Structure formats: C-alpha cells, structure tokens
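Spelled out, the chains give:
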Amino acid sequence: SAVISQKPSRDICQRGTSLTIQCQVDSQVTMMFWYRQQPGQSLTLIATANQGSEATYESGFVIDKFPISRPNLTFSTLTVSNMSPEDSSIYLCSVAQGASDEKLFFGSGTQLSVL
Amino acid sequence: QKEVEQDPGPLSVPEGAIVSLNCTYSNSAFQYFMWYRQYSRKGPELLMYTYSSGNKEDGRFTAQVDKSSKYISLFIRDSQPSDTATYLCAMSASAGSARQLTFGSGTQLTVLP
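Residue numbers (my numbering), protein chains in the order written: chain A, 1 to 115; chain B, 116 to 228.
Hint data in this document are derived by calculation from the structure and do not stem from the laboratory.
On a predicted model such as this, the values are computed, not experimentally measured, just so you know.
Be a bit skeptical, because a hint or two may be false.
[Said to hold, decoys possible] Calculated pairs, SDA-like style, for lysine to any residue (alpha carbon to alpha carbon, straight line, at most 20 Å): (1) B:117 / A:59; (2) A:7 / B:154; (3) B:157 / A:5; (4) A:103 / B:168; (5) A:103 / B:169; (6) A:103 / B:144; (7) B:117 / A:36; (8) B:157 / A:77; (9) B:185 / A:42; (10) A:103 / B:161; (11) B:117 / A:44; (12) B:157 / A:44; (13) B:117 / A:42; (14) B:157 / A:8; (15) B:157 / A:113.
Only chain A is shown next, with the shape it has when bound in the complex (with noise of 0.2 Å):
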C-alpha cells in the first residue's frame, strides 16, 4: 500500500486566515482525494485532485473556499481559505490503488482548529 505524508498534523488558526495542508505519497497515482472528516460524522469527499487538470469538487465545496493544486503525480495540497471556526476538522489526503483503484488508503490527516 502507499505510504502518504501529510503535514502539518494539526494547526490552531485565527478566523479569516488560511491554511495549506500538504500531502506527499511514495508513489506516482493518477487521482488523489481530499476528505472531511468532523466529529460524529462521516468521512466526507471535498474533491478528487486530478494532475494536470482543475480539481473535481463535490458538492457544497468550492474551488474558492477550497482551492487544490496537484503539480505531478505523487503530491497534492488543500488550502482552507478565509476560515471560520466552522472549518475545524479533520482533513484527510487519500490515494485510490489497487487492479481497479478500488481500495482506499489515507494520510494520518491534520487537525484544524479555527478560533
């Protein structure tokens, strides 16, 4: 399975600022994705980061609020823009692999905490 990277782990931010979360992998992949994750919830997509072309976004997410880069194959960021304290959770970078890229697998996340 990939190894991914993410960083920072956690961060405490002021309203109205943004943030940047980067994520590495070991390995070239074709689609990298950003997750949600808040507490009691489920994991939520926010967009696929295709290489080479403009992020797929799902649906309640918005490339202003969220905007991503993918400059190659192996890594991604998520930028949180103009957070709110609604914006504290956990975000996930994930890679799909597998004969068909049906399995999953995901970075260790970073906590965001917007005050």
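Got chain A; can you put chain B on it based on the hints?
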C-alpha cells in the same frame, strides 16, 4: 435517512471478548464493502475488503455481508487492547470509484485490559 447507518457506540468490552460491529444500508446497488480502522489522531487504514455477499476472514477479523438484508458486520475474535479504535464501514456500487464511496460515521471501540 442516511444511506449508511452505523451505531456510533461507544462500545467497551473486556480483553478476549468477541466484538460485533455492524452497518446497515439502503442502496441495493452497493456491491463493494470495506472496513477501516482508525486509531486516535491517525487516518483510517483499510482492514477488510469484500465483494458481494459472503464471509471473508483475516486472522482474528471476519467480515460478513448479507445483501438480502442490506447488513454488513465485522467480527473481532479474542479482542486485544490494541484493537481500541474507531471502526468505519464503507461501501460503493462500483470498483475504482472513490467518488461514490459512502462511509458510515464510525463505531468507537475500547478493549479493556
């Protein structure tokens, strides 16, 4: 009604107990079923992956799928304190489609020594 329902717990058991974790779902198109284990302050790790109905065993873990009842289970035999974690079920209608993967909200399990 959520597409996937999972009892949030928390569930607390003594070491050596048999643990049963369950999820129900409403979408009859789901064919691929997964269980993830998430330790505190870590990302989820894939524990079991099954296709369609039936059982799959891996060491102390058994995944069971009953598509007729839209019900999946994860059994942990001889539970250990190291099994203390949150367990998430996940499912999809097609392989290789992470965008269609639906997660349960997780069951928090504590195994007491």
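For each hint, the structure was consulted:
1. Distance check on the hinted pair: residue 117 of chain B and residue 59 of chain A sit about 16 Å apart at the alpha-carbon level, within 20 Å; holds.
2. Restraint check: the Cα-Cα separation between residue 7 of chain A and residue 154 of chain B comes to about 18 Å, which is no more than 20 Å; the hinted pair holds.
3. Of the supplied pair hints, the one linking residue 157 of chain B and residue 5 of chain A holds, its CA atoms being roughly 11 Å apart against a limit of 20 Å.
4. Of the pairs offered as hints, the one joining residue 103 of chain A and residue 168 of chain B holds, with about 18 Å between alpha carbons and a cut-off of 20 Å not exceeded.
5. At most 20 Å may separate the alpha-carbon atoms for a hinted pair to count; residue 103 of chain A and residue 169 of chain B meet this at roughly 19 Å.
6. With a C-alpha separation of about 18 Å, the suggested pair residue 103 of chain A and residue 144 of chain B falls inside the 20 Å cut-off, and the hint holds.
7. Distance check on the hinted pair: residue 117 of chain B and residue 36 of chain A sit about 18 Å apart at the alpha-carbon level, within 20 Å; holds.
8. Among the hinted pairs, residue 157 of chain B with residue 77 of chain A is consistent with the structure: their alpha-carbon atoms are about 19 Å apart, no more than 20 Å.
9. Restraint check: the Cα-Cα separation between residue 185 of chain B and residue 42 of chain A comes to about 19 Å, which is no more than 20 Å; the hinted pair holds.
10. Straight-line distance between C-alpha atoms of residue 103 of chain A and residue 161 of chain B comes to about 8 Å, which keeps the hinted pair within the 20 Å bound.
11. Proximity of residue 117 of chain B to residue 44 of chain A is assessed by CA-CA distance (about 13 Å); at most 20 Å being required, the pair is judged to hold.
12. The straight-line distance between the Cα atoms of residue 157 of chain B and residue 44 of chain A is roughly 16 Å, inside the 20 Å bound, and the hint therefore holds.
13. Proximity of residue 117 of chain B to residue 42 of chain A is assessed by CA-CA distance (about 10 Å); at most 20 Å being required, the pair is judged to hold.
14. For the hint pairing residue 157 of chain B with residue 8 of chain A, the CA-to-CA distance comes to about 13 Å; that is within 20 Å, so the pair holds.
15. Of the supplied pair hints, the one linking residue 157 of chain B and residue 113 of chain A holds, its CA atoms being roughly 16 Å apart against a limit of 20 Å.
Hint violations for this structure: none, all hints satisfied.
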